[in-house]
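Asks: Spelled out, the chains give:
There are 4 protein chains.
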Amino acid sequence: MAGQSINVCLIGQKFMGRAHSNAYLKAGKFFDLPAELVMDTIVARNRAELDVFAKRWGWKNASIDWREAIKNPLINLVDVTTPNNKHREIVIAALEAGKHVACEKPLAATLEDARIMRDAAKKAKKSKTFVWYSYRRVPAVALAHRLVKEGRIGKIYHVRAYYLQDWAGPNVPLVWRFSKEQAGSGSHGDLGAHIIDMARFITGEEITEVIGAAQDTFIKERTLVTEESKGGISGGATAGSGKKGKVSVDDHTTFLARMSGGAIATFEATRFATGYHNKNGLEIHGEKGALRFNFEDMPYLDFFDRSVDSKLAGWTRIPASRAPEHPYASAWWPTAHHQGYEHTFINMAADICRVLGGEQPEVPIPDFEDAYKTQEVLEAATISATERRGVKISELRRG
Amino acid sequence: MAGQSINVCLIGQKFMGRAHSNAYLKAGKFFDLPAELVMDTIVARNRAELDVFAKRWGWKNASIDWREAIKNPLINLVDVTTPNNKHREIVIAALEAGKHVACEKPLAATLEDARIMRDAAKKAKKSKTFVWYSYRRVPAVALAHRLVKEGRIGKIYHVRAYYLQDWAGPNVPLVWRFSKEQAGSGSHGDLGAHIIDMARFITGEEITEVIGAAQDTFIKERTLVTEESKGGISGGATAGSGKKGKVSVDDHTTFLARMSGGAIATFEATRFATGYHNKNGLEIHGEKGALRFNFEDMPYLDFFDRSVDSKLAGWTRIPASRAPEHPYASAWWPTAHHQGYEHTFINMAADICRVLGGEQPEVPIPDFEDAYKTQEVLEAATISATERRGVKISELRRG
Amino acid sequence: MAGQSINVCLIGQKFMGRAHSNAYLKAGKFFDLPAELVMDTIVARNRAELDVFAKRWGWKNASIDWREAIKNPLINLVDVTTPNNKHREIVIAALEAGKHVACEKPLAATLEDARIMRDAAKKAKKSKTFVWYSYRRVPAVALAHRLVKEGRIGKIYHVRAYYLQDWAGPNVPLVWRFSKEQAGSGSHGDLGAHIIDMARFITGEEITEVIGAAQDTFIKERTLVTEESKGGISGGATAGSGKKGKVSVDDHTTFLARMSGGAIATFEATRFATGYHNKNGLEIHGEKGALRFNFEDMPYLDFFDRSVDSKLAGWTRIPASRAPEHPYASAWWPTAHHQGYEHTFINMAADICRVLGGEQPEVPIPDFEDAYKTQEVLEAATISATERRGVKISELRRG
Amino acid sequence: MAGQSINVCLIGQKFMGRAHSNAYLKAGKFFDLPAELVMDTIVARNRAELDVFAKRWGWKNASIDWREAIKNPLINLVDVTTPNNKHREIVIAALEAGKHVACEKPLAATLEDARIMRDAAKKAKKSKTFVWYSYRRVPAVALAHRLVKEGRIGKIYHVRAYYLQDWAGPNVPLVWRFSKEQAGSGSHGDLGAHIIDMARFITGEEITEVIGAAQDTFIKERTLVTEESKGGISGGATAGSGKKGKVSVDDHTTFLARMSGGAIATFEATRFATGYHNKNGLEIHGEKGALRFNFEDMPYLDFFDRSVDSKLAGWTRIPASRAPEHPYASAWWPTAHHQGYEHTFINMAADICRVLGGEQPEVPIPDFEDAYKTQEVLEAATISATERRGVKISELRRG
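Chains as they are written, first to last, in our numbering: chain F, 1 to 399; chain H, 400 to 798; chain S, 799 to 1197; chain A, 1198 to 1596.
Chain F with its partners taken away, still in its complex shape (with noise of 0.2 Å):
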């Protein structure tokens, strides 16, 4: 680690720069931690955009040529919130400049291009990489994975997770992630695969089967939009040209799965889901207890646990930030002052400069190869939707 400072080059500069460029500024006011995170470089391909932004957030320098910024030597880790199918030759050219890599979810648009990328990252030794599943920071979600290690649920029946939006009305024009080429996929790698992670995080087990999946586009023409849409989730684009065009991505996928201790677990990603803005969230149910998570309540973890004498029994729900043993807690407010969604990017950097700085994560983080592992259920369940059949993950793995 160059003089105990980590030197951060990030790619993009949209909703995902602006929540990256917060959390690296703000993680070590919050946090002890081994390493100073240095705001060295910002690179995005607007010119004019680029130096508001550098300067409104105190990137030292600004790039508009990710080849060269990456380059430098005194950038030690490289972190890449561009669109999904621009993430392999990125990430590719970091790892050969030996740098440290950050990566947004899903790690690739194409599972072919998530193996290249998986496959660079174990050649570079030295590379430490991470995938940007920030959901596992949420407090109340890390609490679950350490209740789950501890075998307070038992042996798993069932897992129920759902990631549910409701912005994609008849009316939203065709922004870009409308558009397969520029968004790889819509709901199923925006949202679907945020629980995949999720599920995988928390039960500690894999995906090895998806049984039967739907996606569809409910909407399958969308007005036009002239130029390119800026921020939001829709995109903030709210006028067409009159004209439309063709959506060639999911507005939702729902699958069926099994998982490797044996539960059945499904898997709901949409748009559509009238009413709910930002529901994402997680049922598990065990032999010995059970675990219910939904990000509109974030701040809670709710557990029913089977050991409780009967008469006492019944779903608790926990703040989960409410007492020191409490995952991220101790860096924050007092107890049950609630953090938000930008802390959960935060906490994440805080846990990248504690690998990197030698320590240990509050929880693990995803690498290339953990993300891989996502990317397979996503192939599997597409595979699955459109073939009409179960999908086993093990047969992504022969050819």
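There could be a bad hint or two in this list.
Straight-line Cα separation of at most 16 Å, EDC-like style, residue types lysine to aspartate or glutamate; simulated pairs [claimed, not checked]: (1) A:Lys1325 to A:Glu1484; (2) A:Lys1476 to F:Asp297; (3) F:Lys180 to F:Glu221; (4) S:Lys1018 to F:Glu287; (5) F:Lys220 to S:Glu1085; (6) A:Lys1226 to F:Asp51; (7) H:Lys678 to S:Asp1095.
Think of the hints as simulated: they come from the structure by calculation, not from any bench. The structure displayed is predicted, hence computed values, not measured ones.
Chain F is already provided as a structure; the job is to place chains H, S and A on it using the hints.
Replies: Below, chains H, S and A without anything else, positioned relative to chain F:
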């Protein structure tokens, strides 16, 4: 017990007459009781309505003369559901006739009446008395009582009791519930009495002082109704005559009180809590734990147990009819197949039957002496609101 | 209708026999009905138990011979609550005897039986048939049906239906509910049937395809019980003989389906959802709005109305028995004085009586033809789980 | 505004010093503000701690001499987060130096101090004053304020305000928060002040009378701590010396009050509400509607609208940062990506900046005159509890 049957004479056939008839009809079908509850005689003033009611509910006899009816030597239990200002006369006569007496709440329209009734009950050594504070028999409330008794809450610091309704908007006409003459009081006796009893029942403590109180009539005049209204909380009357009359009761009574164990308590009874149609509840906080109940979520008791490891501590929502050891659970439907409002009356009829048959009730039923203490608190709060000063309960006993 | 009375012959005296007896006892006391429901004859196999039951509930006659009982010319309605594998024989005989028939759900143990029953009902032109999918008569569910019908949801995108119980842990012995011979199926027919009906009823759409399904027996062997168990969901049996026997039914059935209007639907029925004792519910998301119901919060229907100004939009928790125009509300207690589980049966008995008396039910009651469609879905899901492939409902109709 | 920048001098570096530093750091990164907030000087007593703090947070200068620091002509805004008994001296000096002043709540330790500060602010015509009642800037609270202002609630009947914490069990030692000298008051000034302000802010009414009040010190003696405690609500101290000292502040203050529009209000502030770690909330019921907020569910405002068709009426849970027209929503993350506790401070820093830059704040910020009215209510409640009588606010103004 004559022939192992309890012959009931019920006085009143309105809302409560119906609830009690249903209770007598059903108790023996669900509970294994030491005696049979026989629906012997129903008494009311309106002959035509009475006959229809008696037939519908299966009462063997119907009478418009309560004095005659309660003298019948076959009657064992007289149950009084008349307006509060009639309680005293009927109850005294029934006690003098050697009957057991059940009386709707509050015990009486005035403290004076209540005192006379209590004293009469004391003298009538062969008679047992019961007051229909039926919310004690909500499974969750009965469970709360038990948990406190088991020492799970410890010294109590706070009590927060409320009974919130919202039916009395400015357009509701001047039905009987707004008349002091007919109803005795407004929200205070109707709703406040329930939560005073509930607080005393659950905590096992007495209220020793009303520290401050307010009583308001928000809508001072209402449209007159030409004929007597029937049924429903608000009497069902919707069309008025155009002329207005004075409201003579309180729309809300809210007070601050001290419990005998040192806790501070708030009591709020109102018909103007827009949005809460029948929210009757209580929270207590003690050294070892806390309890929370509200009738809008009738099946559940929330319990916070301070002895739980702080990593796992939180409010547990206990489904209070889930386990065989839960109050009344084994008489009813399987686990988590909910009871409703009417079951509190059926549970109470069963408990009255048990007591008269020499068995223990599930949880204590208030007798006149017990209910008299609730009446004292009602009185103290009214004095406090009127005279704008604190009132100790002991004051009421001096004179 | 003979003398404006409906003479009922009820077959079965277990859990459902009790629920139906209670329904016949109470319907006429709360509803103004076009005919009197007369509790004429109760039929069961165990003479001793039967006599106690008949006396307790006030059945005029008790018989151990159902064939004889249903031939009685005075009987108008035969109500069948036997194990599913007995439905066909009794129902056919009752139809042939010219009776109206009510049958517990699911319609039959096999699709073959169900088809025969449906066809027999079609031929018996003077008989009306009813299937006890009683959750349709939860006020919130009936309200949901009406809101969809009024067009408040619009085109439906997602359906999420679940019936989650947790009583079947590894220590529960081999009671009748685990035997295919006695119970027909496990969670699928017991719980899944309810939510298939509920989804069809609320959406007004049919299920056209099972895309993928899984059915598991998590606990494959259980301790044998020496005598038949009685009552309760889990049969009440707790002590076993030590020896083990095979479980022959499914512990859960979970499937992915397509609705006729294009929506994607998940159905999950299980006895292994630790922490959920009787959570039966459904969510639907449409173009104009969304609805959410679950039996753990029985009194409420949640509604999201997309037409509301976005500043004020959110899920509204509608107390579904609050207003006079709410289903069944006017028959019962005042505003927000909750109904419970049993009221769904009473409401249904009232509606059956209305239909037989020539009036309209509050909401449609499924007849055999309607219930047959639910049975088809049960069958398709089982085939899908067994053969590991998608199954169109139309396939079942070809052969 | 000197060069369109606001140079801040912050006094205090404990819990609030950290919250304010974070606010100044972030406001400009998320909001488009009329001036730059410059973190110029941090002042505290402990040199060693101060330097670490200043470096961590990026303060340009650090001083242990507040008198010197605030004289600096480059400073525009002095922000005071010292213990309450120090507010007056520093604030007066700052006003005399011609600075704008922001002061933590409550305005002062005594009504006398508050009056002097208010009067000084009135005289200092070029200075603007602000008091950090930061909960006004919870999006849901700001929205509640607006809905009342728009007339959606109508005449208000009831206000129910509470701030419930539970950290002060008998084992907590005698930290500074239990000392009147250091803290000014206990729960009353710490928690009660927030809800008095919140009730005034949301209703737009003043409190005119304290009808009755109680103030208790449940635990009268606590174990002494040998050195000053640091951070956290309870000071983080866990080990005591064995010796005990007297608690000189209130553990709870609960009172009944009258609002200027006629509503009755309850206020409850306590550190002994076992199970509630930071439950700060308010309910109001009016003729046209009702509102409900509590900080345990920070993102939501519940609204009951009486004008809705009664078939559909119910409490609507509004996600208060969902729509672009929601307060502060457009500055932050996409729809329903929650803000946390700290954002109330950042939102306030942004609003202070707007006011100093000549723009409108999102919702009004209390100045000293406004905050003085909250102080009067604090005083009246204390008098009421001590003298056991009702206290009109107007009494306090007579002299």
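Asks: Between the alpha carbons of Lys1226 (chain A) and Asp51 (chain F), is the straight-line distance 16 Å or under?
Replies: 14 Å, holds
Asks: With the threshold set at 16 Å, check whether the alpha-carbon distance from Lys220 (chain F) to Glu1085 (chain S) stays at or below it.
Replies: 15 Å, holds
Asks: Checking one constraint from the list: CA of Lys1476 (chain A) to CA of Asp297 (chain F), max 16 Å. Satisfied?
Replies: 15 Å, holds
Asks: If you draw a straight line from the CA of Lys1325 (chain A) to the CA of Glu1484 (chain A), is it 16 Å or shorter?
Replies: 37 Å, violated
Asks: Holds or violated: are the alpha carbons of Lys678 (chain H) and Asp1095 (chain S) at most 16 Å from each other?
Replies: With a Cα-Cα distance of about 15 Å, the restraint between Lys678 (chain H) and Asp1095 (chain S) holds, given a limit of 16 Å.
Asks: Does Glu221 (chain F) sit within 16 Å of Lys180 (chain F), going by the straight-line distance between their CA atoms?
Replies: Holds, at roughly 14 Å.
Asks: With the threshold set at 16 Å, check whether the alpha-carbon distance from Lys1018 (chain S) to Glu287 (chain F) stays at or below it.
Replies: Holds. Lys1018 (chain S) to Glu287 (chain F) sits at ~15 Å (cutoff 16 Å).
When each numbered hint is compared with the structure, a violation occurs for hint 1 only.
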